Amino acid sequence: MTVLERTRAPKTTRRSGTRRGPSPLGSKWTPYLFLAPAALFILVFQAVPLAQEVYLSFTRTTLLNPTRSQWVGLDNYDRIFGDPDFRHTLLITFVYVIACVVGAVGSGLVVALLLNKGFRGRGVARALVTVPWAAPGIAVALIATWMLNAQYGIVNRFLDAVGLGVPGGAILDSPRYALPAVLATTIWQLFPFTSVVLLSALQAVPQDLNEAATVDGAGRWATFRAVTWQVIKPTVGLLAVLMTIWSLRRFELIWLMTKGGPVGATETLVIDLYSQAFDSKELGSAAAIGMVGVVISLIVITGSRLVARAVEKEDVR
Amino acid sequence: MRRFRIGLTARIIAVLVVLGVAVFPLYWMLVTALSSNADLFADRPRLVPDIGHFGVFVDALAEGKAAGWLLNSLVIAVGTMVLSVGLGIPLGYALSRFSFRGKAVLTLVLLFTQMLPEALMVVPLFALFRRFDLLDSLTGLVLVNSAFVLPIVALILKGAIDGIPRELEEAARADGGRPFTVLTRINMPLIAPSIAATAVIAFFHAWNEYVFAVTFIFTPELQPASVGIANFIGELGTPIQTVMAVAFLFTLPAVAFYLLAQKYVVSGMTAGAVKG
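So the sequences go chain by chain: A and B. For reference, each letter of the first sequence is one residue, going 1 to 317 in UniProt numbering. For reference, each letter of the second sequence is one residue, going 1 to 276 in UniProt numbering.
So that you can see chain A by itself, here it is in the shape it has in the complex (with noise of 0.2 Å):
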């Protein structure tokens, strides 16, 4: 039953007749008018853009002559994949994309169980939570890196005297502490999202579940296992699809903290595109590393697709 088919079916009804019968505006040109004005934005300024990048791709083209492009067909493609510092660009951006889900959904989760048995006080709790995911990227970014100050910063006091201090201090400038610290501040500001996502999915466990199973000599893990998260199993492959796609694309606070480096200990397949376009003023190559990016990110949803209708299907066997 769609409105197309209803907005016809006047003509046949006494209403055919009255002064206002179907107007030129119901007819099947009707959706087209309501979506047009934001088709055409996201045409010209998704669209086209993205297809210009794609095509760009396949060329050598330089920042200071962009209008100048000679193809080069798969030559970019080819330089990038043989270059052992992009290797390293994907086994960060592998490690940043894994850290990211599993330490978001998984804090997450923690943090939604905690606050999902009622408790005086739940409400300001709940709220409270919700606050590093509201706060801007670029203030994260800021305090993160007034926080890691090598001299004033208070984690290094606060490590030096637990007797865990980093020698000299400077973790954004170390090439084995920058990722944890900058990973840690990226958890921080995603956890508020996936706890309050996994709360109210957690809404939807069945109570009475719960306590037969309990009453039924189960341990808390096993009517976890058997109740719990079979309910929210769904919406924690959600999570960790949308936490994949969002941490392929992350920018300001990697780049904001560190610049990618030191030593590319930091840099994701978005810092270097970046870099590769402004640094170094090749379009082309910084074009291929970011659609490098975007065919990870449709594997990972399509993939997800796949895998969500064969459970599906499991489930309805």
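A hint or two may mislead.
What the hints assert, rightly or not - Between beta-carbon pairs, the in silico distance windows are: (1) B:Leu16 / A:Val95: 48 to 58 Å; (2) A:Arg120 / B:Thr139: 46 to 56 Å; (3) A:Arg225 / B:Val82: 41 to 51 Å; (4) B:Gly234 / A:Asp75: 50 to 60 Å; (5) B:Thr219 / A:Val231: 38 to 48 Å; (6) A:Gly118 / B:Ala38: 18 to 28 Å; (7) B:Gly234 / A:Glu312: 17 to 27 Å; (8) A:Gly118 / B:Ile164: 42 to 52 Å; (9) A:Ala184 / B:Leu47: 13 to 23 Å; (10) B:Gly234 / A:Leu91: 42 to 52 Å.
These are calculated hints, taken from the structure and not from any lab test. Computed from a predicted model, the values in this text were never measured in an experiment. Backbone N, C-alpha and C fix where the C-beta goes; we use that ideal spot for every residue, glycine too.
Following the hints, put chain B in place on chain A, whose structure we already have.
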């Protein structure tokens, strides 16, 4: 009974730790803004804000640059909010209520845009903006920010309209109401909370946006706060108290609005996400 008590205590402690972790960085921003130099660089830093230094906020705004940045951010954010919600409502309505050729493709495109990094799109958009003389203008930023937040706005509103029974519209339509009138008179009042949520999302998307602003704006007077604050990082000239005061003023509205609209924003975000 005793075991229950221990469990409860452990839970309360765990919740307090989580809340501390969640809130501490912003608290620390405030403490830093309100510290004296002596406090900042002392061996034992001050852990509670010194209200006596409240003047730092007044100075930060009076000094000029910061107030201008925040004003630019406000203009960009309001423009983006109006444009993206204005375009998103009819798009969401079309997706929810009509069946038409290309609907599946359009939905797919909306979801697909969610994975495009701004850093990738900045080069072709720069070329486009140069051709249409939109560089170094707040209008240009409103346009590009609206385009980037429009898909999520439209998907959330589609979900909201899906939840309205069609019978309500059919009655209005039978009385000769045109589709657009039906949308504005019947649907929009009913999805007002979702419209508010998408307005908050769109506003702060633009308020927080950095990549396009830093690339497309050259005139310092046109810089939004995101760029101005980002320039503080690694720069040594400005006192850290001023930096933190400006950053705090930039952060506060975002946090306050999200807390106020939280219920709707979260249900909207998950609805949009689940549809994906």
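Hints and how they fare:
1. About 32 Å separates the C-beta atoms of Leu16 (chain B) and Val95 (chain A), a value inconsistent with the hinted range of 48 to 58 Å.
2. The hint said 46 to 56 Å for the Cβ distance between Arg120 (chain A) and Thr139 (chain B), and at roughly 50 Å that hint holds.
3. For the hinted restraint 41 to 51 Å between Arg225 (chain A) and Val82 (chain B), the CB-CB distance of approximately 49 Å keeps it satisfied.
4. The hinted range of 50 to 60 Å is not satisfied by Gly234 (chain B) and Asp75 (chain A), whose Cβ atoms lie roughly 36 Å apart.
5. Remark: the range hint 38 to 48 Å for Thr219 (chain B) to Val231 (chain A) is contradicted by a beta-carbon distance near 54 Å.
6. The hint said 18 to 28 Å for the Cβ distance between Gly118 (chain A) and Ala38 (chain B), and at roughly 46 Å that hint is violated.
7. Roughly 50 Å separates the CB atoms of Gly234 (chain B) and Glu312 (chain A), a value that falls outside the hinted 17 to 27 Å.
8. Look at Gly118 (chain A) against Ile164 (chain B): about 32 Å separates their beta carbons, and that is not inside 42 to 52 Å.
9. One distance hint, 13 to 23 Å for the beta-carbon pair Ala184 (chain A) and Leu47 (chain B), holds here, with the actual separation near 21 Å.
10. Here the CB-CB span from Gly234 (chain B) to Leu91 (chain A) is close to 27 Å, at odds with the stated 42 to 52 Å.
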